[in-house]
Amino acid sequence: MSTDTPSADDGAAPSRAELEARVAELEAHVAELDAATDDGDDGPPKMSIIATKGTLDMAYPPLILASTAAAFGYDVTVFHTFWGLDILHEERSKDLQLSAVGNPNMPVPNLVGALPGMDRLTTRMMEKRIADNDTATIEELLGTGLDMGVEFQACQMTIDLMGYDEADFYDGVTTGVGAATAIRDMTEADIQLLV
Amino acid sequence: MDDYETTETLDVTEQNCPMPVVKTKQAVDELDAGAVLEVLATDPGSVSDLGGWAETTDGVELLGQDADEDDGRYTHYVRKTE
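Protein sequences, first through last, are from chains A and B.
Residue numbering for the first sequence follows the UniProt record's numbering, beginning at 1 and increasing consecutively.
Residue numbering for the second sequence follows the UniProt record's numbering, beginning at 1 and increasing consecutively.
Hints were generated in silico from the structure; no laboratory data involved.
Only a predicted model underlies this, so the values are computations on that prediction, with no experimental measurement involved.
There's no promise every hint is true.
Cut-off 27 Å, straight-line C-alpha distance, at most; resulting in silico cross-link-like pairs (DSS-like, lysine-lysine) [claimed, not checked]:
no. : chain 1 : residue 1 : chain 2 : residue 2
1   : A       : K94       : B       : K23
2   : B       : K80       : B       : K23
3   : B       : K80       : A       : K94
4   : A       : K128      : A       : K46
5   : A       : K128      : B       : K23
6   : A       : K94       : A       : K53
7   : A       : K94       : A       : K128
8   : A       : K128      : B       : K80
Taking the hints into account, I'd like the entire structure generated from these sequences.
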């Protein structure tokens, strides 16, 4: 039994010349990576949000985060698809509903919530709370976001699927974009969110 | 009371998150470098939010905040640095 600690003069140890060559190689690689990440592209940070929901409660998070990120100096794009399109739809955005069923935190049991008119009632209650709490309306948040340069995109495939017209959306909303645009934005973004 | 040479006053009383931060940013954009914006708010969250915003955002400095919790009034002083 001996203590088998590897010794410095082990035959496998690289020579000084080999080490120097390896260091030079790594230095070149680091310089390459530095160049690739720096690239002279020191633009503002970016955020990409995908908004898929169109209920009154779920319309808020993307709009609040988008306008706040813009205040932080982010370039923000919000890609609206499926029910998320309703947030950008001039007429439908004014009448977003809150579902009385499917949310166990609601003060009404699902069985009662399913009765006719209950969605309307819970929506009215939420709208009153929004007003009482000095919370901005969806329309105000959208207008503010547009003012701050947030790019709101309406997914073309779902515009067609839902039977909407491009003219139905607020001025300043980008149409004619698809999933590839969203992927590109997400690739370039520092923050990506799906709401 | 803090005493700053304020250039402009922004009133965001009776407005809630995210409006105090968003409107402060919009108001600061209209100012010249060196100007100090006084922001009047009633949103208790504006203390943390404006602090975080100013810390993270280039070109602005939070000079001070007055929180009068009894009255529910929060005053912020933001200087545009560049």
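Outcome of the hint check:
The suggested pairing of K94/A with K23/B holds, with an alpha-carbon distance near 23 Å, which does not exceed 27 Å. A distance of roughly 14 Å separates the Cα atoms of K80/B and K23/B; the hinted pair therefore holds under the 27 Å criterion. Taken as a hint, the K80/B and K94/A pair is broken in the structure, with Cα atoms around 37 Å apart against an allowance of 27 Å. For the proposed pair K128/A and K46/A, the alpha carbon gap of about 34 Å is over 27 Å, so the pair is violated.
With a C-alpha separation of about 23 Å, the suggested pair K128/A and K23/B falls inside the 27 Å cut-off, and the hint holds. For the given pair, K94/A sits about 15 Å from K53/A by alpha-carbon distance, which is consistent with the 27 Å threshold. The straight-line distance between the Cα atoms of K94/A and K128/A is roughly 14 Å, inside the 27 Å bound, and the hint therefore holds. Proximity of K128/A to K80/B is assessed by CA-CA distance (about 37 Å); at most 27 Å being required, the pair is judged violated.
When each numbered hint is compared with the structure, violations occur for hints 3, 4 and 8.
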